[in-house]
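In order, the protein sequence lines correspond to chains A and B. For the first sequence, full-length UniProt numbering assigns the number 1 to the initial residue and increments by one for each residue that follows. For the second sequence, full-length UniProt numbering assigns the number 1 to the initial residue and increments by one for each residue that follows.
Rather than coming from a laboratory, the hints here were simulated on the basis of the structure. A hint or two may mislead.
[Stated by the list, open to error] Computed footprint of chain B on chain A; a stretch qualifies when at least three of its residues, placed anywhere within it, have a C-beta under 8 Å from a C-beta of chain B:
{"id": "1", "stretch": "48 to 59"}
{"id": "2", "stretch": "271 to 280"}
{"id": "3", "stretch": "317 to 324"}
{"id": "4", "stretch": "431 to 443"}
All C-beta atoms, glycine included, are put in the ideal place defined by N, C-alpha and C.
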Amino acid sequence: MKYETVIGIEIHCELKTKTKMFSSAPVAFGEVANTCVNEVDLGHPGTLPCVNKEAVKLAIKAATALKCEIDPLVKFDRKNYYYSDLPKGFQITQQFHPIGKGGCIHIETKDGVEKDIRINRIHMEEDTAKQFHSEAGTLIDFNRAGTPLIEIVSEPDIRNGAEAAAYVEKLRTLLLYLGVSDVKMEEGSMRCDVNVSIREAGSDTFGTKTEVKNLNSISNVQKAIDAEVERQIALVSKGEKVVQATRRYDETQKTTILMRKKEGDVDYKFFPEPNIPPIRLDAAWIKDIQEHMEELPDERKARYMKENGLKEYDASVLVANRDLGDFFDAVCEHTKNFKKAANWVIVELPAALNKDNIKFANNPCEPKHLAAMINMVEAGEISGKQAKVVFEEIMKGKDPKTVVEEKGMKQMSDTSELLAMVTSVLDANPQSIEDFKNGKDRAVGFLVGQVMKASKGQANPALTNKLIQEELKKR
Amino acid sequence: MDFERARIEDVETRVKSAVERAKEKQEELNAVVSFVDVDSQLADLANKDPHAPLYGMPIVLKDNVNMKGVRTTASSRILDNYIPVYDAHISEKLKEAGAIVIAKSSMDELGMGGTNKNAYTGKVNNPWDTMRISGGSSGGSAVLVASGVVPFAIGTDTGDSVRKPAAYNGIIGMKPTYGRISRYGIIPYASSLDHVGYFTTAIEDAAVALEVLAGRDDRDMTSSYEPVPNYASDINSDIKGKKIAILDNVQEAITNAEIKENFDALMKKLQARGAIVEHVRFDDKLMRAMLPVYYIIANAEATANHSNLDGIRFGMREDGASVEEVMINSRTKGLCPYVRKRFVIGSYSLFEENQEKIFRKAQKVRRLIVEELKKALAGYDIVIASASGMIAPKSEDSQDEHLSKDVLVAENYMVMGNFSGYPSMSMPTGFVEGMPIGINMTAKPFAEQTLFNIGKAIEEETGLKGNDVEVDA
Chain A
1 MKYETVIGIE IHCELKTKTK MFSSAPVAFG EVANTCVNEV DLGHPGTLPC
51 VNKEAVKLAI KAATALKCEI DPLVKFDRKN YYYSDLPKGF QITQQFHPIG
101 KGGCIHIETK DGVEKDIRIN RIHMEEDTAK QFHSEAGTLI DFNRAGTPLI
151 EIVSEPDIRN GAEAAAYVEK LRTLLLYLGV SDVKMEEGSM RCDVNVSIRE
201 AGSDTFGTKT EVKNLNSISN VQKAIDAEVE RQIALVSKGE KVVQATRRYD
251 ETQKTTILMR KKEGDVDYKF FPEPNIPPIR LDAAWIKDIQ EHMEELPDER
301 KARYMKENGL KEYDASVLVA NRDLGDFFDA VCEHTKNFKK AANWVIVELP
351 AALNKDNIKF ANNPCEPKHL AAMINMVEAG EISGKQAKVV FEEIMKGKDP
401 KTVVEEKGMK QMSDTSELLA MVTSVLDANP QSIEDFKNGK DRAVGFLVGQ
451 VMKASKGQAN PALTNKLIQE ELKKR
Chain B
1 MDFERARIED VETRVKSAVE RAKEKQEELN AVVSFVDVDS QLADLANKDP
51 HAPLYGMPIV LKDNVNMKGV RTTASSRILD NYIPVYDAHI SEKLKEAGAI
101 VIAKSSMDEL GMGGTNKNAY TGKVNNPWDT MRISGGSSGG SAVLVASGVV
151 PFAIGTDTGD SVRKPAAYNG IIGMKPTYGR ISRYGIIPYA SSLDHVGYFT
201 TAIEDAAVAL EVLAGRDDRD MTSSYEPVPN YASDINSDIK GKKIAILDNV
251 QEAITNAEIK ENFDALMKKL QARGAIVEHV RFDDKLMRAM LPVYYIIANA
301 EATANHSNLD GIRFGMREDG ASVEEVMINS RTKGLCPYVR KRFVIGSYSL
351 FEENQEKIFR KAQKVRRLIV EELKKALAGY DIVIASASGM IAPKSEDSQD
401 EHLSKDVLVA ENYMVMGNFS GYPSMSMPTG FVEGMPIGIN MTAKPFAEQT
451 LFNIGKAIEE ETGLKGNDVE VDA
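If we strip away everything but chain A, and leave its shape as in the complex, we get:
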């Protein structure tokens, strides 16, 4: 039998706000445990929630970018369950009235498959505390408790691991560009749960799904799905049934592992949060947010291709790595040679940083220096070969003009000076002239090499080549 895979993805993103969703305590990662908390985050008796306006703004940006319909009446609900990481014994979320509904996102897989994935909803909620279980007991860090989250729920439109990876990657870059979230999967500021089921190809009913939770990288999203699909197909092929359950992905065993079975759905007894009256958002405020949104990845890619004349591949690389893209934009403020700039930024810059094990955030190279160097090559002031040496120096924060002067690298582009050099090289190599006349073109290369040698590498190679050709024809 031929099977079709059906995947829906739920993504939780921590919003990049200064304070928590419902309290004035700071949001921070990696701080000393239980230092970024106040009485609200700890669920102390008598505390009340107060909605963070910045969080609502970020949720609106995300909903807008995902083409969701925005509900101007913000309402919250309680999701009731007991767990030691949930201080109040309920989570404040948006069960009945999500801020965004019915959106869509366009994805493209590595193999070039393009499709639209529908978004079911985006809603705001609060994060739980972090727990550390050990034999000695359970330690709880409440710093994360109350951190603003958005949950983005896709429709079951995804058909394989590659599409899932493309979907998550697309969302990740989108939210990063919007400044909505740090989207660091490894730090948990973006978390991904996938619902996987299989069915007979062509069927329109759904099979029993399993949920694979806590995937900490995009490649693991793909691997986990591939492993889970394989497992489900093996089960069904043997005539066994898929059991509804929550599973996790084990990287070493490369398979999914049962966490807990689901005995029907848990009843969270959702009901409207009485302490937060419905908030009517000002239409002008929403409009203002939407009109002042950061450039989205697709828009940036289109700009690179249209305005900077980059190839799609280069544009994609710059968009996928926002740091590089931003750097490229900064370089382009000082040079018009966009293609060369893209090449340096995409290839040479990361390689140089990598070699010295420098993080991009600590990149010593200044965009205007790189631009100046590109302009010097363009003007023939230095050769491409010299540029590589200069680049090494500007990677130490130096100005290329200073480097060129210090190293005496000025490229010889003065025609009369070069012509004298060409003439003497030709005079010294009659055999090469002979070879040229007999149709051996590689003689030219040899002669250019001789001029370069004589000039200690400072001769402009293009100009030298041109002069040699002209001179040869005269002889």
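Since the structure of chain A is provided, determine the placement of chain B on it from the hints.
Relative to chain A, chain B alone:
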């Protein structure tokens, strides 16, 4: 005792004698959960303006009002060791106004109950007859005012938890509009129904108190931006032309002839002052639905509100093999069976399969009741009725789970003030069998001034200003 009489003594004497009286009466009334150190507060007065409205005034907080560093139990075993890390909004306001908190008072556990028999520290007795109940859930605060210990005490009102004990104890019980006073730092019962309220013995004092307590607080999103008027200086007992509607359903349900006569006589006096006294009648089905609707909504919200009491981060912790077991054991041991039963009922009404036919239906009926009240108040300044059809019951005769047709309408209608959030006040109007009785009136949203004005007229008619056991004796 009213503010005026309290001020005869100097601050130190006033506060110290209040503490003494409270200690003297503790055995008889059992109203105090914790005494609060007054010395540091008195010393702090040096930094306060002597003209602050409550400068040096001894007061009492219901034990669900958080005061930083002061044990606050909500009369529940699970919070027996709870020391709040922050002040309730009103604790800050009262401190600013110069008030001295002498004690935290007993209440029905977590606000659940109307007798005050359901407190971890035991029942509270009515100072007019200690065989009788104080009423609840703000019973401790009510009796400390009624016994002349303090002139002012904070309570909270979710069903009628300020207004009913006020009536049983012959004092004023005020529950302002929802949002008028911030709830931040008040251990909740049911958030959509919870109100901060208070007890005084004089209308002027009630007006001064509200000026202190009212106002926007950014930490409570339901708190109102409505400006706070000068209630006290604006009091005007000229009620000529004021339109008063008697709620017939309640008066007809009352069987006690003396209470009815007292009420009717008062209405005649108000008419004589030029008020227009007429009658309204609510749909009887709605009147009878009030109590069940209240129970459903209150218990549902309460079960979620109190899910934080799990022994993990604060409060009593009972050991267990796992974190889950610690939570279960702490809650089982820390909460009384009556409260746990209420949580079960609350959860039941929230289950997905029940929510539509129980919880959501109750919400719909709540809206219908509010519509009925709104309609009545469209033509009148206040709706008035007896605050209770009986005097405070004997302790052995009263129980929270008792439900009969006799009491269904007359004893539970005041919850309409919580459903609607409209301001509502009880005050004494006389005595039956030596026990105080009173009336209750409800006005339009933020029309507290109307209650004070008509209340002032009533106070002038009854002469019960400053009423307490000591004065009466």
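Against the structure, the hints:
no., hint, result
1, 48 to 59, "holds (count 4)"
2, 271 to 280, "holds (count 5)"
3, 317 to 324, "violated (count 0)"
4, 431 to 443, "violated (count 0)"
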